[in-house]
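Fit chain X to the supplied structure of chain R, relying on the hints for placement.
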Amino acid sequence: MGRLLDGFFFVFAGLAAVWLAYLSFTQTFTLGWAGIIMAIVFWGLLAYLVLPRLHRILTAIYVPDYFMGRTRTSDGLLGDPVNLAFQGERAQIEAVMAAAGWIPADPVGLGSSWRIVTSTLRRRSYPTAPVSPLFLFGRMQDLAYQQEVAGSPAQRHHVRLWRCPDGWLLPGGRRVDWLAAGTFDRAVGLSLFTLQVTHRIDADTDIERDHIVATVRDLPGVEVDVIRDFSTGYHARNGGGDSITTDGDLPILDVRGVRAAADAGAADAGTEGRP
Amino acid sequence: MSERHPRKRAAFEPVAAPVARNPAMRRPAATVAGGVLVLLRAASGILWGLTVVFPLPSWMQTVAGAADGSGADPTFTLSDLGLDGAVFFGILGVITLVQAVFGILLLRGSNVARVIVMLVSTLSIITAFAGWWELGQEITVGTTLVTVSLDILVLLALSSRDAAAYARRNEKV
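Same order as they appear, the protein sequences are chains R and X. Residues 1 to 275, numbered by the working numbering, are exactly what the first sequence covers, in order. Residues 1 to 173, numbered by the working numbering, are exactly what the second sequence covers, in order.
Chain R on its own, in the form it takes in the complex (with noise of 0.2 Å):
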């Protein structure tokens, strides 16, 4: 009962944002110089209200919600392709990505959007810039780095891991413990899909997989193996309709031969010796 009150509600209050976005889009014609305030909130309210509410509702009945190599956004949109696994713990996971020279994202919250807006706009560096919600396997991210290019958080690597549940196999039946999305952040935009300022990023995500491979590959410890042709290399577009192309290889980083810090010493003998 509840839970059907929670969705006929989450319908309803969708379709009174769309009434709100036409209200306030009337009032733009009718207040003059004032009516440039009121396009402004029309677009805030379509973009962060009514749009994402709309494709919510929507994905939910037309996206299917099982493993298709594809992340999710926050509103259900297909968002970055998955293009990267990891076999290893956690702890090891971020040694390696410190070794090379990857930044953990902040969590976002208020204070770091809002760092990322200004230290964009006046082109600050902000190496720890939080990175947007993804969602995999129903969670969002467990982990994500990245790095800045050029000093700016307009540009920049990056990559968002997830843990994956226990027992689950990929597709072909192959077990990895994580996998991972990483695209390479071009250039601030407008989201095609809800008009939402964001990071677009280059369509070519190929470039970026082959690029966080190849800061990490050659560390002790690491071994690579891919699997050709995981997906059918495709076109399509993410989250915020930006091209992406792939040839739908999945390297896999095998991570479990490299000493983590934490445990450095302590687990010696289960470590070494691998191949």
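Hints in this document: simulated from the structure, not taken from any laboratory. Just so you know, not all the hints are guaranteed correct.
Computed beta-carbon distance windows for the label pairs [said to hold, decoys possible]: (1) 54/X with 4/R: 32 to 40 Å; (2) 87/X with 30/R: 32 to 40 Å; (3) 123/R with 143/X: 40 to 48 Å; (4) 98/X with 166/R: 28 to 36 Å; (5) 143/X with 111/R: 33 to 41 Å; (6) 167/R with 130/X: 50 to 58 Å; (7) 33/R with 136/X: 25 to 33 Å; (8) 110/X with 68/R: 32 to 40 Å; (9) 170/X with 128/R: 31 to 39 Å; (10) 43/R with 92/X: 33 to 41 Å.
Cβ coordinates follow ideal geometry from the N, Cα and C atoms, glycine included.
This is chain X only, laid out in the frame that chain R set:
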């Protein structure tokens, strides 16, 4: 083929929040927004009450009137109501107190308060919509647009998945 996996997940998701018990969940922005908006309505009620008794600058009366939903005439005074001062403040005080209590309950993550506030907002929105659609009542910045906006924003915030998950964080799945 090996043995069938006993528990396949459903391949579609519910529109409303899939609930996961999580007592340690941090209060999401949507819950804060909903609670603060309800508290603001309580505050605007007090402001409106003061304008009825004391002559405030007219811009402040207009703001208070619009925010409160009365669309109050700036020259509105206590004698226009034909009410005793004590009765007027009694009623206003109770309404404001109820709003303030609900605002605080929302911030504390009460699901009952969330559902009641959503119901009241829904009724208020339906009333406004019916008046606009059927009777052609104008909804502009000068009349009730601010009130209608507040109702819709409260409903959007409280019906969001984050707010629902937070209000149900202690429920058993």
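Now for the hints, and whether the structure bears them out:
1. 54/X with 4/R: 32 to 40 Å: violated, 48 Å
2. 87/X with 30/R: 32 to 40 Å: Cβ of residue 87/X to Cβ of residue 30/R: about 39 Å, so the range 32 to 40 Å holds.
3. 123/R with 143/X: 40 to 48 Å: Once the Cβ atoms are compared, 44 Å apart, the range 40 to 48 Å for residue 143/X and residue 123/R holds.
4. 98/X with 166/R: 28 to 36 Å: Between residue 98/X and residue 166/R, where Cβ atoms are some 48 Å apart, the hint is violated.
5. 143/X with 111/R: 33 to 41 Å: holds, 38 Å
6. 167/R with 130/X: 50 to 58 Å: At roughly 53 Å between Cβ atoms, residue 130/X and residue 167/R fall inside 50 to 58 Å, so the hint holds.
7. 33/R with 136/X: 25 to 33 Å: holds, 27 Å
8. 110/X with 68/R: 32 to 40 Å: holds, 38 Å
9. 170/X with 128/R: 31 to 39 Å: holds, 33 Å
10. 43/R with 92/X: 33 to 41 Å: For residue 92/X against residue 43/R, whose Cβ atoms are near 37 Å apart, the range 33 to 41 Å holds.
Comparing the model with each numbered hint stated earlier shows that hints 1, 4 do not hold.
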